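Asker: Spelled out, the chains give:
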Amino acid sequence: MTAPDPASLLHPVAAGADLMPRHVVRSRLLGRRLAIWKADDGFVNVWEDRCIHRGMRLSAGVNDGAELVCQYHGWRYSNRNGNCVYIPAHPGEAPAGGLRVATFACAEKYGLVWSGGSPDAEPPSIPALEGGEVLVLRSLPVNAPAALVLEGLAGYSFRPTAALGTDTPITTSADAGNPHSVTVTATTTGAESSVVFFIQPAEAGRCVIRPVLSAAPAPEERLATLRHHARALEELRAQLEDSSPAEAAVALPLATLEPLRSGGTAGAAGGRHPQLQVRVARKWVCAEGIAAFDLAPVAGELPSFQPGAHLDVHLPNGLVRQYSLTNGPDLTGVYRIGVKLVPEGGGGSRCMHQSVHEGDALDISTPRNNFTLRRDAARTLLIAGGIGITPLLAMAQTLARQGLTWELHYFAQSDDHVAFDEMLAPLAEGVTTYCGLSPQETGAELTRITRHYGPMQHAYLCGPGPMIDTARSIAAEAGWPTEAVHFEYFKNESARDDSSAFDVTLARRDQTLRIGAGMSLLNGLRNAGIDLPSSCEQGACGTCIATVLGGEPDHQDVYLNDSERAAANRMLTCVSRAKSGQLVLDL
Amino acid sequence: MNASVPQEPGAAILDLWHPVAIREDLRAGETTRTRLLDRDVAVGLDDDGSPTAWLLTGAQHDAAATPRLLPTIAAYEFAWTSLGTPPEEIFKIPECDEPDRRNLATFSVGVHVSAPRAVENFLDLGHFPYVHAGILGQAPRTEVADYRVEVDPETNELWARDCEFFQPQAAAASTDGQMSQYTYRVPHPYCVMLYKSCPTDESRFDVIALFCQALSADRVLFHTFMSVIDEVSSDAQIRAFQTLVSAQDKPILENQTPRLLPLEVGDETSVRSDRASVAYRRWLGDLGVDYGVIPRGAHR
Chain A
1 MTAPDPASLL HPVAAGADLM PRHVVRSRLL GRRLAIWKAD DGFVNVWEDR CIHRGMRLSA
61 GVNDGAELVC QYHGWRYSNR NGNCVYIPAH PGEAPAGGLR VATFACAEKY GLVWSGGSPD
121 AEPPSIPALE GGEVLVLRSL PVNAPAALVL EGLAGYSFRP TAALGTDTPI TTSADAGNPH
181 SVTVTATTTG AESSVVFFIQ PAEAGRCVIR PVLSAAPAPE ERLATLRHHA RALEELRAQL
241 EDSSPAEAAV ALPLATLEPL RSGGTAGAAG GRHPQLQVRV ARKWVCAEGI AAFDLAPVAG
301 ELPSFQPGAH LDVHLPNGLV RQYSLTNGPD LTGVYRIGVK LVPEGGGGSR CMHQSVHEGD
361 ALDISTPRNN FTLRRDAART LLIAGGIGIT PLLAMAQTLA RQGLTWELHY FAQSDDHVAF
421 DEMLAPLAEG VTTYCGLSPQ ETGAELTRIT RHYGPMQHAY LCGPGPMIDT ARSIAAEAGW
481 PTEAVHFEYF KNESARDDSS AFDVTLARRD QTLRIGAGMS LLNGLRNAGI DLPSSCEQGA
541 CGTCIATVLG GEPDHQDVYL NDSERAAANR MLTCVSRAKS GQLVLDL
Chain B
1 MNASVPQEPG AAILDLWHPV AIREDLRAGE TTRTRLLDRD VAVGLDDDGS PTAWLLTGAQ
61 HDAAATPRLL PTIAAYEFAW TSLGTPPEEI FKIPECDEPD RRNLATFSVG VHVSAPRAVE
121 NFLDLGHFPY VHAGILGQAP RTEVADYRVE VDPETNELWA RDCEFFQPQA AAASTDGQMS
181 QYTYRVPHPY CVMLYKSCPT DESRFDVIAL FCQALSADRV LFHTFMSVID EVSSDAQIRA
241 FQTLVSAQDK PILENQTPRL LPLEVGDETS VRSDRASVAY RRWLGDLGVD YGVIPRGAHR
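Protein chains in written order, with the working numbering: chain A, 1 to 587; chain B, 1 to 300.
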C-alpha cells in the first residue's frame, strides 16, 4: 500500500471545545510545536509555537482576542496572518514589514480542529459521522507509532450508547476507511453506535488518538457514555504501549510539516506599485459627503497594519490616492476607509464616490505605517478635523482595547458631517465632538484641550492644514515638546520650489547622481535604479524617507516636525532637495 | 531541536573556571556531588579550608580508585573548578574588595536551559515590563533607549554601557518610578554582571552577577551573587529580592526553543534594543564557544 504523503493531509490537532475564548492551546504535529488560538471574530489561528524574536513559546502568551502577545517581550502578532504589529521596546516605530510568525492551514470538522501543510488539503470525510450530531470523546496521547495504534484500535470494544446498561451480546466491525482513521461500529439488538478514531501524528513514536462518537448521546446519557469510553480507552492505551517496540525510533520517519508562510522577515516592497487586489465588499454613505468602503481580499488574508497606517488606492481613472485605515483591532477581514468628496479636487474622490461600486476590484498597496501610534504614553490626545478622523479612529480603538488613557476630540462642520457613528459609539466615553465652530472657536477649544501637558503624554493631529498648523502652535505654547506632537496632513499645501540643482552621493553604492532643476530627487534615484518606496509623492505621508549622512537638506515636506528638520538627518525624497551643492544619502 | 545529542565542549569552555558550589555550603569532611559539563564532580574542603574538587568517573565511584584532582579556586563566595587548563586567576571584580561591601551568594536554582540563553536573558532590558512587571519595569513604559556595546580590546570582555530603563520601584522611597542606569559586563561566556547606581551612594555601584554552572549543554544551575553597599537590609531581605526576580525568569527560560542559543545571525529576529544580545552571540562565536550554543553555520 502506498500511503499518501502525510504532509499533504490535514490532521486533527485539537478539539474545537479546547479553544476557549482568550485562550491559547498547545499542540504538536509531525514534530512541530503548535500554538492554536481563536480570535474574537471566530478565526482559528494555527501557528508555530515560537516567537520569532527569542524563541519563546507563544502558547505561553496572551490571547487578547485580536492579537497574540508574547510573554517575554510583549511582541504582538495579528490574528489571521501572524504579522508582528507592535514591538514594545520601540514604541515610536512600526515593526519592519514582513515580520511574522510561521502559520499553518486550519479547518474545523466533526468537532475537531485540523491542520497540516497544504492550503488546499481538507479533513477526511467519514460516512459514519455525516448527517448527525457527534460527540468528541477524550483525546488520548499514546507512546506508540501511528500505524501500530491504528491496528490496535480496530480491536476496540465498547457498547452502543443505547445499550449501555444492558448485557446483550455485541458485534463489532472495524473499517479502516483511510490511512489515518479507523471506524469501529458496535451493534446489538436495537442499538448501534460508531466511534471514529482519528490519529494525530505528534512526533516520531508518539501520537494522539482523537475519537469521535456517532451519534451524540442524549444529554442525560452523556456522562455515562463518556465514562464508558474513558475506561475502554485507558485499557486500550495500556495494551498499545505494552505492545509498542521499546525503541520508539523504530517508528516510521516523520514527514516534515512545512508552514504556509514561514516566520521571520520578508523583504519590503519598493516603488509605488499596487501589491494587492481587493474587492469592494460594502460601500455606504457614512456622513454628509463621506463614502465608506470595506475592502476585502480577493484571495488569502490581508496584511496587518499599525493604527495610523494608510493605503495607496489605484483608481480606475489612473490616479493614485492615499486613504487612512479606520480599523480597530476587532475589525478583521476587510480594510475600512472613508473618502470625502472634494468636487473641485483632482478627481480622486469623485472617482471613488461615483465610479467605484460594491463588487468592483481595486488594486491597492500594502498598508504603510508612517503615522505611528506609541502605546507607552501616560495620556494620548487625539485631535481630528473632518475626514482626519479616519486614522485617529483606528488609534482610539487600539488604545481603548489595551486599556490605555486617551481622549478623542473630533471637529466637524455639522452633526451631519460626523462620520463612522457606529464605530464611535462604543468609544463614547473618550470622544468629544465639536460641530460648526468658527476658526476662533476652534482655536479656543484647542487651547483648552492642550492646556495640561505632562511627561509621557503624546498628541496626534490629523485634519485640514490650517487646523493642524493652529493646533501645533497652540500645543507648543502650552509646553508640548515637538517630539510629543505627531501630525498627518492630508496634503502638502505649501508652495514647493524645484528650481535647484545639486549632486547626491549614495554612500552604500559609491555613486553620485546629478539632480537637475524640475526633477525630483525620488525620480532621480529611480532613474538610477533605486526603487525607493513612495506613496503620496507630495511630502505628506513619509513613505519615501531617506537617511541623510552629509549636506544640508532643503525640506519642503509637511511630514517632519521642527526638531526632525533641524536634525537634518532624514528627508523626504519626493519633494525635498538640497541647500548645499551636495547631499550624501544612506542608500 | 534540543540537545538530545550531547555536545562535547572544546577548549574555549574546558579551560574556563566554572562555579561548582557555594563556598559557605562546603563542610570539612563532607563531599558534595554535582555535575559540570556532563561530568560528575565531587567538591569538598581540604585541611586548610580551601575548596577541592575531583572528577568522578565510573571506576572512581568506588572508594579505592585514585580520583583525578581538578584545579580549584575560591572567589566571590563560590568554589570554582576547571576541566581543562584554566588561567591563573579568575576575572576581577575589584568592587568586591572594598571593605564596606557585603558580598553574598544570593540564590541558586536549576533551570532547564543552556547557560548562554540564561546570560542573554540577564543582559536584556526589554523583558522587564513583561517578566518583572511592577519591579524592574511596568507597561506601558516599555521603550528601550539606545545604548552602547563594545568589546574591551585589552581584556576582550563585552560591555554594554549607558543602558537606561524606567523602573517603578527602583528605590524604596520613589512613588512615580524613575529611570535607572545600568552597565553590563560579560567577563566569561557563562558569567555576566551588572553595575547599578547604589541607592545610598550615587557615586558607587552595586554589583549583581549571574554565574552559570553548565550541568549539561541545555541545563544550568543559575547562581546569583551580589556585592552591595547596604547597612540596613538583612541578608534574607537581599536574597528575597534576587529570589523573586530569578523565579520570574525561570519559566520564561524553560519555554524558549531551542534551549541552545543560536549564534547564526538571522536564526532569530533581532531589533535595535537587542544589540547587546547580538554582540554577545557574535562574541561567543569569535571565542570559539561550542557548548550550549548552535554554532554559526550549523544546520538545526
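Honestly, the hints are just simulated from the structure, not real lab data. Remember, predicted model here, so these are calculated numbers, not experimental data. C-beta atoms are modelled at their ideal positions from N, C-alpha and C, and glycine is treated no differently. Check before you lean on any hint, since a few could be wrong.
Here are some chain B residues the structure puts well away from chain A; computed CB gaps all over 10 Å [stated by the list, open to error]:
#, residue
1, R27
2, T31
3, D46
4, A75
5, G126
6, Y130
7, P140
8, R141
9, L194
10, Q256
Chain A is faced by these chain B residues, among others (derived, beta-carbon under 10 Å) [stated by the list, open to error]:
#, residue
11, L55
12, T57
13, D100
14, N103
15, E120
16, L125
17, V131
18, A247
19, K250
20, N255
21, T257
22, P258
23, R259
24, P262
Asker: Minimum Cβ separation between B/P140 and chain A greater than 10 Å?
Answerer: Given a closest Cβ separation of 4 Å, the condition is violated.
Asker: So, B/E120 near chain A? Judge it on the closest CB pair being under 10 Å.
Answerer: holds, 8 Å
Asker: Double-check B/L55 for me: the hint is only fine if its C-beta lies closer than 10 Å to a C-beta in chain A.
Answerer: This interface hint is violated because 32 Å lies over the 10 Å limit.
Asker: Looking at B/T31 again, its CB stays over 10 Å from all of chain A?
Answerer: The claim stands: B/T31 keeps its Cβ more than 10 Å from every Cβ of chain A (closest is about 36 Å).
Asker: Holds or violated: is the Cβ of B/N255 closer than 10 Å to a Cβ in chain A?
Answerer: Constraint on B/N255 satisfied, holds at 4 Å.
Asker: Quick one: work out the minimum CB distance from B/G126 to chain A and report holds if it exceeds 10 Å, violated otherwise.
Answerer: Contrary to the label, B/G126 does not stay out of reach of chain A, its closest Cβ about 4 Å off (not over 10 Å).
Asker: Taking the least C-beta to C-beta distance, is B/R259 closer than 10 Å to chain A?
Answerer: Check passed: Cβ of B/R259 comes within 9 Å of chain A, closer than 10 Å.
Asker: Tell me if B/K250 is really an interface residue toward chain A, meaning its C-beta lies closer than 10 Å to one of theirs.
Answerer: violated, 13 Å
Asker: Is the Cβ of B/Y130 more than 10 Å away from each Cβ in chain A?
Answerer: Non-interface label fails for B/Y130: nearest chain A Cβ at 5 Å, not farther than 10 Å.
Asker: Going by Cβ atoms only, is B/T257 closer than 10 Å to chain A?
Answerer: holds, 5 Å
Asker: Minimum Cβ separation between B/R27 and chain A greater than 10 Å?
Answerer: holds, 40 Å
Asker: Find the nearest Cβ of chain A to the Cβ of B/R141 and say whether that gap is larger than 10 Å.
Answerer: violated, 6 Å
Of the numbered hints stated above, those contradicted by the structure are hints 5, 6, 7, 8, 10, 11, 12, 13, 14, 18, 19, listed in ascending order.
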